[in-house]
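Asks: Letter by letter, the chains look like this.
2 protein chains.
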Amino acid sequence: MERLKQKIVAEGQVLGEDILKVDGFLNHQIDVKFMEEIGQEFRARFQDVKPNRILTVESSGIAIACETSRYFDYVPVVFAKKATPNTMAEGCYSAEARSFTKGTVSNLRVSKRFIQPGDQVLILDDFLASGEASIALTKMVRKAGAEVVGIGAVIDKAFQGGGDKLREMGCRVESLAVIRAFEKGQIIFG
Amino acid sequence: MERLKQKIVAEGQVLGEDILKVDGFLNHQIDVKFMEEIGQEFRARFQDVKPNRILTVESSGIAIACETSRYFDYVPVVFAKKATPNTMAEGCYSAEARSFTKGTVSNLRVSKRFIQPGDQVLILDDFLASGEASIALTKMVRKAGAEVVGIGAVIDKAFQGGGDKLREMGCRVESLAVIRAFEKGQIIFG
Numbered sequence: 001m002e003r004l005k006q007k008i009v010a011e012g013q014v015l016g017e018d019i020l021k022v023d024g025f026l027n028h029q030i031d032v033k034f035m036e037e038i039g040q041e042f043r044a045r046f047q048d049v050k051p052n053r054i055l056t057v058e059s060s061g062i063a064i065a066c067e068t069s070r071y072f073d074y075v076p077v078v079f080a081k082k083a084t085p086n087t088m089a090e091g092c093y094s095a096e097a098r099s100f101t102k103g104t105v106s107n108l109r110v111s112k113r114f115i116q117p118g119d120q121v122l123i124l125d126d127f128l129a130s131g132e133a134s135i136a137l138t139k140m141v142r143k144a145g146a147e148v149v150g151i152g153a154v155i156d157k158a159f160q161g162g163g164d165k166l167r168e169m170g171c172r173v174e175s176l177a178v179i180r181a182f183e184k185g186q187i188i189f190g
Numbered sequence: 001m002e003r004l005k006q007k008i009v010a011e012g013q014v015l016g017e018d019i020l021k022v023d024g025f026l027n028h029q030i031d032v033k034f035m036e037e038i039g040q041e042f043r044a045r046f047q048d049v050k051p052n053r054i055l056t057v058e059s060s061g062i063a064i065a066c067e068t069s070r071y072f073d074y075v076p077v078v079f080a081k082k083a084t085p086n087t088m089a090e091g092c093y094s095a096e097a098r099s100f101t102k103g104t105v106s107n108l109r110v111s112k113r114f115i116q117p118g119d120q121v122l123i124l125d126d127f128l129a130s131g132e133a134s135i136a137l138t139k140m141v142r143k144a145g146a147e148v149v150g151i152g153a154v155i156d157k158a159f160q161g162g163g164d165k166l167r168e169m170g171c172r173v174e175s176l177a178v179i180r181a182f183e184k185g186q187i188i189f190g
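Protein chains in written order, with UniProt numbering: chain S, 1 to 190; chain X, 1 to 190.
A portion of the hints provided could be inaccurate.
Identical chains blur together in the list; that is why a pair holds if it fits in one copy or across any two.
The calculated lysine-lysine pairs, modelled on DSS-like cross-linking and capped at a C-alpha distance of 27 Å, are [said to hold, decoys possible]:
| # | residue 1 | residue 2 |
| --- | --- | --- |
| 1 | Lys-33 | Lys-50 |
| 2 | Lys-112 | Lys-7 |
| 3 | Lys-21 | Lys-143 |
| 4 | Lys-165 | Lys-33 |
| 5 | Lys-33 | Lys-184 |
| 6 | Lys-112 | Lys-50 |
| 7 | Lys-5 | Lys-33 |
| 8 | Lys-21 | Lys-112 |
Think of the hints as simulated: they come from the structure by calculation, not from any bench.
Sequences are here, hints too, so could you generate the full structure?
Replies: Pasting the structure below:
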């Protein structure tokens, strides 16, 4: 997605070896108009699938998932939670995921009411790095007897291997911007 | 907002003395079409203000803020973070807020780049209870030399006093559904 690459180059900032900071439009401040373009692009990439649910992880995936839902007939968005508030005591699916940027391990949870057997689930997230979050979501979907019809990432740091792992698990992965490497603070797209 | 009250009655669940669970459409699964209606209603309530930024807190406020942004000429959405990932090392405004449902204290943070002196900020959130989150956001906005032009809550548990505290701080508060009490598991609207 050319517009996305341009925006990453214009507004993104490479930190150290492997972190790309895009908090000006994606995961702290959100450019909602641009998120609509992201949603339309996911619709185009996944035009042959018919999800009845979009699944993501709090927090940065939520805007992306909502802005994509409208191009898939407003299917419900579900976001996995990283902690268990006391309003979520009932049965949940859960799976562990390491956060690449935070260096912590989260226990992701989704209420069993919101993934049903037979569901066709489209998984979306802002970043695909080592794939921990998407792998955890995929495990929960499969545990529920539902199917992952696709995994969409806005930015794929392909050199961290997450996409390959997901493909080995039999998932179709579509990334809107693929990054092959960071070289001396420059972004090399794949 | 009549449709909201109907949805709360039809799908909400009162837990104990003071918790309302609406995770089927608002804060775990999201009904995006309905969030658009919420956004239009906030536009109508705040038709006389001209925010250049919408501020909320992760995670449940994000969908609401994004769906409202489109009715305010797509002004940028900024969400305060509850933790500090290592991509957010630079200068931040911060303020403490107790989470009513989680029983924890969070340190809310917003990058100084995303609230500028003179900004006209509309604060939005899913729940208004004791007001901790909105008070913390208001403090950060004022610390930045910006102005809170309004505070919008989807569901206001007025008996917990948050709205009154915010009005005492000089804020205009608009709540789309005001709850006066829970009585024997029933919701009494104000």
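Asks: Each hint needs a verdict: does it hold in this structure or not?
Replies: Hints, verified against the model:
With identical chains, the CA atoms of Lys-33 and Lys-50 are at most 27 Å apart both within one copy (24 Å) and between copies (18 Å). Proximity of Lys-112 to Lys-7 under the C-alpha cut-off of 27 Å is restricted to the inter-copy arrangement: shortest distance 21 Å between copies versus 38 Å within a copy. Only between protomers do Lys-21 and Lys-143 lie at most 27 Å apart by alpha-carbon distance; the minimum there is 25 Å, versus 33 Å within a single protomer. In this assembly of identical chains, Lys-165 and Lys-33 lie within 27 Å of each other by CA distance neither inside one copy nor across copies; the values are 32 Å within and 34 Å between.
Taking CA atoms no more than 27 Å apart as the test, Lys-33 paired with Lys-184 passes in neither setting, with 32 Å inside one copy and 44 Å between copies. Only within a single protomer do Lys-112 and Lys-50 lie at most 27 Å apart by alpha-carbon distance; the minimum there is 21 Å, versus 41 Å between protomers. For the identical chains of this complex, Lys-5 and Lys-33 are intra-copy neighbours only, at 16 Å inside a copy versus 30 Å across copies, given an alpha-carbon limit of 27 Å. Taking identical chains as interchangeable, the C-alpha atoms of Lys-21 and Lys-112 lie at most 27 Å apart only when they sit on different chains, with a minimum of 15 Å there against 34 Å within one chain.
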